[in-house]
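*Asks:* Residue numbers (full-length UniProt numbering), protein chains in the order written: chain A, 1 to 446; chain B, 1 to 446; chain C, 1 to 446; chain D, 1 to 446.
Do not take every clue at face value.
For chains that are exact copies, the list does not tell them apart, and a pair is met inside one copy or across any two.
[Said to hold, decoys possible] The list that follows gives simulated cross-link-like pairs (lysine-lysine, BS3-like), each with its CA atoms no further than 27 Å apart:
{"hint": "1", "residue 1": "Lys99", "residue 2": "Lys46"}
{"hint": "2", "residue 1": "Lys362", "residue 2": "Lys218"}
{"hint": "3", "residue 1": "Lys185", "residue 2": "Lys218"}
{"hint": "4", "residue 1": "Lys224", "residue 2": "Lys420"}
{"hint": "5", "residue 1": "Lys277", "residue 2": "Lys106"}
{"hint": "6", "residue 1": "Lys331", "residue 2": "Lys27"}
{"hint": "7", "residue 1": "Lys185", "residue 2": "Lys362"}
{"hint": "8", "residue 1": "Lys362", "residue 2": "Lys224"}
{"hint": "9", "residue 1": "Lys297", "residue 2": "Lys439"}
{"hint": "10", "residue 1": "Lys265", "residue 2": "Lys99"}
These are calculated hints, taken from the structure and not from any lab test. Predicted model, so just to flag it, every value in this text is computed and none were measured.
There are 4 protein chains.
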Amino acid sequence: MQKENLKVATIGGGSSYTPELVEGFIKRYDEFPLTELWLVDIEEGKEKLEIVGDLAKRMVQKAGLPINVHLTLNRREALKNADFVTTQFRVGGLDARAKDERIPLKYGVIGQETNGPGGLFKGLRTIPVILEVTKEMEELCPDAWLINFTNPAGMVTEAVLRYSNIDRVVGLCNVPIGMEMGVAKLLDVDHSRIRIDFAGLNHMVYGLDVYLDGVSVKEEVIRKLSDPENISFVKNIDGMGWQPEFIQALNALTCPYHMYYYKSKEMLDKAIDSSKKEGTRAEVVQQLEKELFELYKDKDLDIKPPQLEERGGAYYSDAAVRLITSIYTDKRDIQPVNTMNRGAIASIPDDSAIETSCVITKDGPIPLAVGDLPVAARGLVQQIKSFERISAEAAVTGDYNKAVLALTINPLTPSDVIAKQIVDEMMEAHEEYLSQFFKKEKAHLK
Amino acid sequence: MQKENLKVATIGGGSSYTPELVEGFIKRYDEFPLTELWLVDIEEGKEKLEIVGDLAKRMVQKAGLPINVHLTLNRREALKNADFVTTQFRVGGLDARAKDERIPLKYGVIGQETNGPGGLFKGLRTIPVILEVTKEMEELCPDAWLINFTNPAGMVTEAVLRYSNIDRVVGLCNVPIGMEMGVAKLLDVDHSRIRIDFAGLNHMVYGLDVYLDGVSVKEEVIRKLSDPENISFVKNIDGMGWQPEFIQALNALTCPYHMYYYKSKEMLDKAIDSSKKEGTRAEVVQQLEKELFELYKDKDLDIKPPQLEERGGAYYSDAAVRLITSIYTDKRDIQPVNTMNRGAIASIPDDSAIETSCVITKDGPIPLAVGDLPVAARGLVQQIKSFERISAEAAVTGDYNKAVLALTINPLTPSDVIAKQIVDEMMEAHEEYLSQFFKKEKAHLK
Amino acid sequence: MQKENLKVATIGGGSSYTPELVEGFIKRYDEFPLTELWLVDIEEGKEKLEIVGDLAKRMVQKAGLPINVHLTLNRREALKNADFVTTQFRVGGLDARAKDERIPLKYGVIGQETNGPGGLFKGLRTIPVILEVTKEMEELCPDAWLINFTNPAGMVTEAVLRYSNIDRVVGLCNVPIGMEMGVAKLLDVDHSRIRIDFAGLNHMVYGLDVYLDGVSVKEEVIRKLSDPENISFVKNIDGMGWQPEFIQALNALTCPYHMYYYKSKEMLDKAIDSSKKEGTRAEVVQQLEKELFELYKDKDLDIKPPQLEERGGAYYSDAAVRLITSIYTDKRDIQPVNTMNRGAIASIPDDSAIETSCVITKDGPIPLAVGDLPVAARGLVQQIKSFERISAEAAVTGDYNKAVLALTINPLTPSDVIAKQIVDEMMEAHEEYLSQFFKKEKAHLK
Amino acid sequence: MQKENLKVATIGGGSSYTPELVEGFIKRYDEFPLTELWLVDIEEGKEKLEIVGDLAKRMVQKAGLPINVHLTLNRREALKNADFVTTQFRVGGLDARAKDERIPLKYGVIGQETNGPGGLFKGLRTIPVILEVTKEMEELCPDAWLINFTNPAGMVTEAVLRYSNIDRVVGLCNVPIGMEMGVAKLLDVDHSRIRIDFAGLNHMVYGLDVYLDGVSVKEEVIRKLSDPENISFVKNIDGMGWQPEFIQALNALTCPYHMYYYKSKEMLDKAIDSSKKEGTRAEVVQQLEKELFELYKDKDLDIKPPQLEERGGAYYSDAAVRLITSIYTDKRDIQPVNTMNRGAIASIPDDSAIETSCVITKDGPIPLAVGDLPVAARGLVQQIKSFERISAEAAVTGDYNKAVLALTINPLTPSDVIAKQIVDEMMEAHEEYLSQFFKKEKAHLK
């Protein structure tokens, strides 16, 4: 397939991540000759869109490539005839995230913006918007692929798979690529020589085996992983190291988010501590963003500034454009993405989203057969999948009881009473983004 | 089948529960004409065995039934040609249970004698003994049924199913019958009019539907269940009431042990508080037992004393003898027991133990097909199954790392670090009953 | 549940089987105190309805029971407030069945009124009618149970489960009860002492184990089954005896219809031979029916005449009223019926109909968990299930290509070419009952 | 991985196919720098081995490559330190195949050397030998990959997966590549532009979708496939064209061997006819082989002679060396091979062999998740899998009854009586290669 016009629409184009993405498109231009990049944002994001959009234009110009960068507040215009739609929007912005983190902490629960209460509320805010986007896609670009980066990526992909009419959706996360990078660093070898068999869910993905030049080095990696000095894989989660006995018996690679479940106490203590000192992650990022946008304003800047890596989204650019390119070129290489299970992982429903190693074809990702997960991993994965399914259902139906249920069964929540308290306070805090609940459920929240 | 001689051997016959069991055999004598009841215990239990054995003899005599009660310390003699073997032994006695409860509390973890760290260590102590019993059964009574009451009943049944050569094993618990009794009381009707569709695991069983005279009353029961006044189903766990939103969205009956998972904080606080005031449950029971055995010594006592019900094993007698009778008479009625899954619950391995409604035949229980559990229940059930499987594996292999892994993945454990600390202290405390670990693993425990 | 009024509606009430059913209601009156029996038929069946209806009234009168027998051509009136609806109608009557048998034979294919081409066309004629009935039931008796005897019972139950809004449906067949009777006769013991673990599909059901007084006698039965003298289980299929090596390695009881698959050649030869001599089964039955209705006319006859047993429906009465009574009384005994799989048999879709041992409750049958069928049985069962599913789909959609596909994948069909020839000739022969195809597909059939 | 010495051992090296394989190694030498090719055969094949081995040497010499071709009758020497072991031996040679084809025809059954009675007996002869080879491999080359071409490839792979200690086995067939070539020809495009999603079993594989340059052209291909002129995909099976209605409703690509099941009558008639005229396939091939070996003797011949393509093994060379190269280079491309299911196809046991599209890595093939097969395909696939499993079990255990069972449940067999007759006559005919049966089962065969 060689298209004359190749159009990408990026929802939430005013994000500070955009230079990452633009860099990705520039690097892979030979394989993916993008002609139009539409950055779309909402009224409130107009200023940021213009700042980062101008940087994007300067980057493209410096690269000397014929990519037209369009800035717009009109989402329908951006979607019209798009080939790929990427989403990096954040409903309610970092202010909402700060609440996602702060409120649960008051109740002794970690806010966690993906699988914890923060993730629940981010999902409740995001899913209605993503379902609006998919409706517009049906009409305006029915053959386009939706590449979703918006967290909680697993829950959002689940919602699109089960509640939209769009099949062409892939959820993407930088955690797996970060794990590969981390292993490469651990072994002091180039990233390209490492391969990991991934299986699980978003932010709950395991490496079932890991290879260096095709030879399994799992044993060595696990030995090193149980050494506290080596744990730090991604920038925004400090490593604390596993108990050697635990990780050796688990006999699989963990992702950084596993610390929330296998080290809940330490992570909670740390979050409370940080929130008192440097602020929650959202508050830190708000400061970082401010600085980044100051940088972006510099008319002389025409590359992605290195400071962006502090932001935490490392490798997004690589992961995203690698995926888009493989779909476009029908490359059939193996990448870890969020897609429909189709029986690949036993005991997860066939129609649910999983994060697993897939062959990427023009028709999208096809998961490699995993069979059963290791016994020790099976329970937690199933539990998070239950949480994701019920959260998605709550987001779509506006069923307040389901929101309480979702949070109660989340392994980070200490009780149904606290779950309800958190849900109530967060419902109120985010009311403007949760109309699906407030239309009918207002009485409940008195 | 009409046997001339009908022999039951009760391992741990010196238990304070024995009068319950004897009462059960007396009540159902018409259907199950027991001729020999062998109460067997170990040297340390000799005195108790004699006290409770004498009471048993007086009870039988009063009932005017030709049941011979034998007391012995020779397990092989007791097993020889038995038709049913029941187990109610406790390795290490209540002292060990007190440690199971006290030690984890030091680390801020509830000891819980079934699914928590207490359950892990009770399993590690019990499984080697039960596997000795099954080996002797293969030789001495290969056609006998093993009816296991020893907790953690799910883990023990799992171990027998997967690591012994015995097929004829059923795990029994008084929780489901207690739930039926609780519902009957809640609705103020006779127990016989209530039926519940049970599915799940031991101490993690859900009532998927509940009927009064064959008509579903689930909605009404759930409404009442969400009322704090109605929660108290079994004597040894105080009810605290569910959040109405949670239980209504869950839309299934819970068992009392669900409070450990859906109210972990409150249960922990309560356990810490009790341990300071009246002592842990084991300590309370030790006192109760002392009083019970004083009562039992009374030569004039020839019935089960009502004080035994305080002990917490209510309905055991009924559940146990009901099960034995149905096997003996091929009654094909429906009872909730622990048995091999055989595909009844989707996503639980076929060869694993589940607790579910079964038809009881001469060839043992056949589970009714459940299909998939409700989404909200699926995760926690899978997680406890993972914990049970790995714990059983650790018990059989003496693999110390697996014990740490089992405890780390348990949802009640706050981190791998704490898991290891608890395992280490408990290994030391229970060393005399854990030779499978100390033969090879001693080095680890320095 | 004790209802004041208990109403059964029998669709196809003019059938020669009706005296069987009436006898059944009389025998079980104590448990199932029927007050109204509505026999409903179509205009063409009016005369038969009156003859058999009058016999029914005489039978009830002789029994001295207060059951009102109503005869009507108004189906809606019959369904109104019914508690149970039984179906024994035959679209197109025995003339249609004669075509089902004769036409395939011309192409060297056995007509077989259930799983072969005859079954396909009987399904195509019957399913639209049964779906009309279920629509009326939704409106007129939404709590009633549909007890379907109409063949092909598996395919019809599949269609109701998947294409109607009715949940309360059970398919019933006399084959399993006939197998029990056959085994009883083989062992020369009373039927009540025999129990069989059934699993499979309608007319493709296996006995996975068989018990006499609760002790497995499978080995003995299989030995006897491999003796040609013992094979004859049901009246309308002559036994021909299995090769001992085959049945011993299969290690399961077969049903009479297995001969169509494991003895296709002999069954075909026999069918060709019979069709030349005494006529096809339908033709023989037509003669039998004529004689039966002559008998029924006799005003002095007030019991089921023994000649009815020649007709081939032996034990229907017992099976049907036993099932109805167990539902009514919530008896929870075990009976083999056609119901939704719900995971009971692995590798059959959860929502498909299976024929298997179930506990019969007020809420209908709950299948016992089977797990995987024996390897040797798995293939054929899956194949017939594929045939049933696609046939049901063809019946509902009127998709001519699907009808050709269904017949081509049927193991009794020698090729796609012959499948199409048979479909074409049968479509034409049955055109008046297949309007779903002729509305849109007429062009195809030129 | 870059090995200094790269050794391939070919069991049955004296086969007429060997020049295909040698050509393949020459063509892909750049990627797979073979240093030693060991052609091993048995005493009876010595002459052929020398003829074809000399040709192989001349081919290598002409190509100017440093590949050492070794000829040996010592299998252990050939296996010692091999990197890949390929098998193309034929136990009993073409004489045995002629019997496999001729004997069943006497009973009106097609002999078919893979899934029919011929396949059963070829399996019974082959599996004991392959299990000897795998035992030697454990000892002499434990890291080597076994690439099995010997038919019935599905049954042989199943046997190795389940009854050997070797994991590293792949079964290979030229049918899928032939289907790709056929589609390419049908659409008149280059083979490289065609991709098919394969799923099923060996010689029972379906194309679930087919792409030209990444765009699905299934509809077009199926339309063309239903045209009788286009059906001929592989040389040794004449096309006869599907009924358009059948193939359109099936909505999947068939493989040539499907004609045995969906056109059994026509295939049988043709086989009977051919056997009378030109002889069975084995007899034709015997003549072809004679001519081929005459050609091979020509000292001036130093390429694969074009006449070999008549032989029927087209594309073997390409498929085999492509697979070996991808394993060696960890290429991770997608190829259709026979491998362990691991949950890729629902309702086939996880540990059974399937033929499906896999990613080929250094650790072997990883199947892509398929989920459920189309309903219409599911039955036949399950049935052939049952046949393969029981046949493999019969081959390993020497259980005569299982052999009768396997043949009876095969869809090509008209009855258990005929199955037994064929088994008996074939057992006698092949007695010298079936010692596993004759040691214990001789009494049966009187």
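*Asks:* Now tell me, hint by hint, if it's right for this structure.
*Replies:* The hints, checked one at a time:
no.: 1; hint: Lys99 to Lys46; result: within (23 Å within a copy, 63 Å between copies)
no.: 2; hint: Lys362 to Lys218; result: between (32 Å within a copy, 15 Å between copies)
no.: 3; hint: Lys185 to Lys218; result: within (15 Å within a copy, 45 Å between copies)
no.: 4; hint: Lys224 to Lys420; result: between (41 Å within a copy, 19 Å between copies)
no.: 5; hint: Lys277 to Lys106; result: within (15 Å within a copy, 29 Å between copies)
no.: 6; hint: Lys331 to Lys27; result: both (17 Å within a copy, 24 Å between copies)
no.: 7; hint: Lys185 to Lys362; result: between (32 Å within a copy, 23 Å between copies)
no.: 8; hint: Lys362 to Lys224; result: between (38 Å within a copy, 24 Å between copies)
no.: 9; hint: Lys297 to Lys439; result: neither (41 Å within a copy, 68 Å between copies)
no.: 10; hint: Lys265 to Lys99; result: both (21 Å within a copy, 23 Å between copies)
In summary, the structure is inconsistent with hint 9 from the numbered list given earlier, while agreeing with all the others.
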